[in-house]
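Number of protein chains: 2
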Amino acid sequence: MTRILGIDPGSQRTGIGLVDVDASGKSTYVHCQALNLLLDTDDFPARLGKLVFDLEDILAEWKPTVVAIESVFMAKSATSALKLGHARGAAIATVVRHGLPVHEYAPRQIKQSLVGTGAADKDQVQHMVRLLLSLPEKKLQADAADALAVALTHAHTSATAGRTGLAAALLRRRR
Amino acid sequence: MTRILGIDPGSQRTGIGLVDVDASGKSTYVHCQALNLLLDTDDFPARLGKLVFDLEDILAEWKPTVVAIESVFMAKSATSALKLGHARGAAIATVVRHGLPVHEYAPRQIKQSLVGTGAADKDQVQHMVRLLLSLPEKKLQADAADALAVALTHAHTSATAGRTGLAAALLRRRR
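Order-wise, the sequence lines are chains A and B. Just so you know, we're using my numbering here: the first sequence kicks off at 1 and counts up by one. Just so you know, we're using my numbering here: the second sequence kicks off at 1 and counts up by one.
The set of hints was computed from the structure by calculation and includes no laboratory data. Please note that the accuracy of each hint is not assured.
No copy labels: a pair is met if it fits in one copy or bridges any two.
[Unchecked claim] No more than 30 Å apart at the CA atoms, straight line, and that leaves these computed lysine-lysine pairs for DSS-like: (1) Lys26 with Lys50; (2) Lys50 with Lys76; (3) Lys50 with Lys63; (4) Lys76 with Lys139; (5) Lys138 with Lys122.
With these hints in hand, go ahead and build the complete structure from the sequences.
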């Protein structure tokens, strides 16, 4: 069994989502949360340090075997790119240091994998996350939902999941 | 005695410079080098991981007590800002994880501290780094020189150095 840690980094909050995937490709919800980061505040190194320690607590508690993270190669402005880069850099550094393999997925790839079109909106992605993980209708925290989405994308595309794909996963759920 | 690790992060190379400063504020050269990073290559997480492990080797070998890093809040483009942010984020995460305090200095502050004007050019900064640390005339690797410059800025401005300032440091050197 593979336990996937999905990470959605941001300068305000970093979303965390954990999903188990078995040999048949079936995904099970494990945990999700949002870590407050607030890189807009004064003590920038201390804020990044907090992310490192929070992430290490999560690695120790939930023991993921692989990490999936949204790739970002463009941003609104240089200032926001710099902040987002710091958060992603600190998160990747922390999980790589723990010897975990890291896989990157582009936003379009995540939407394509979960909804079937790269142009899907946030609500559609959230809806599919809830459906695939049998979560209640209650609204998921947005960053945590995005983290679960990238974890599910890895589950559906990775070789460890037997390359079953979304269609097969849905089919199994309906039986 | 304080051992300052200066870090100058970049997406191609990260400069490393170590300086000892004693109670009187006198700075002594310890070590400098440039770590190749090449974040333009394919395996982005692996490259960031290499930076983490290289930095951890440096922390283990040279045992700095404090870290000084150039603050960057603007960049040429969002793409370069994102890459630079990743390198800085990974570096800061690594040293904070080791329990080291991190101090940030703006580029103008570094130039002001070493040359006496925030508008100084790279060559003037290099010249003062060599002068203050009694290094031979041989050209320093640019990133390593910038790392030594931020370490010296911390030496000259930190309370641990007795707030002696550059003038006093130069005066002592001339006696």
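- Item | Homo-oligomer pair classification [Lys63, Lys50; C-alpha up to 30 Å] | So Lys50 and Lys63 pass the 30 Å test inside a copy (19 Å) and across (22 Å) alike.
- Homo-oligomer pair classification [Lys50, Lys26; C-alpha up to 30 Å]: neither (33 Å within a copy, 34 Å between copies)
- Message: Within a copy, between copies, both or neither: which one fits Lys138 and Lys122 at a CA-CA cutoff of 30 Å?
- Response: Only inside one copy: Lys138 and Lys122 sit 15 Å apart there, 57 Å across copies, limit 30 Å.
- Is it within, between, both or neither when you check Lys50 against Lys76 at 30 Å Cα-Cα? Answer is both; intra-copy 25 Å and inter-copy 28 Å each pass.
- Item | Intra- versus inter-subunit Cα pairing at 30 Å for Lys76 with Lys139 | within (27 Å within a copy, 39 Å between copies)
Going through the hint list in order, the structure does not satisfy hint 1, though it satisfies all others.
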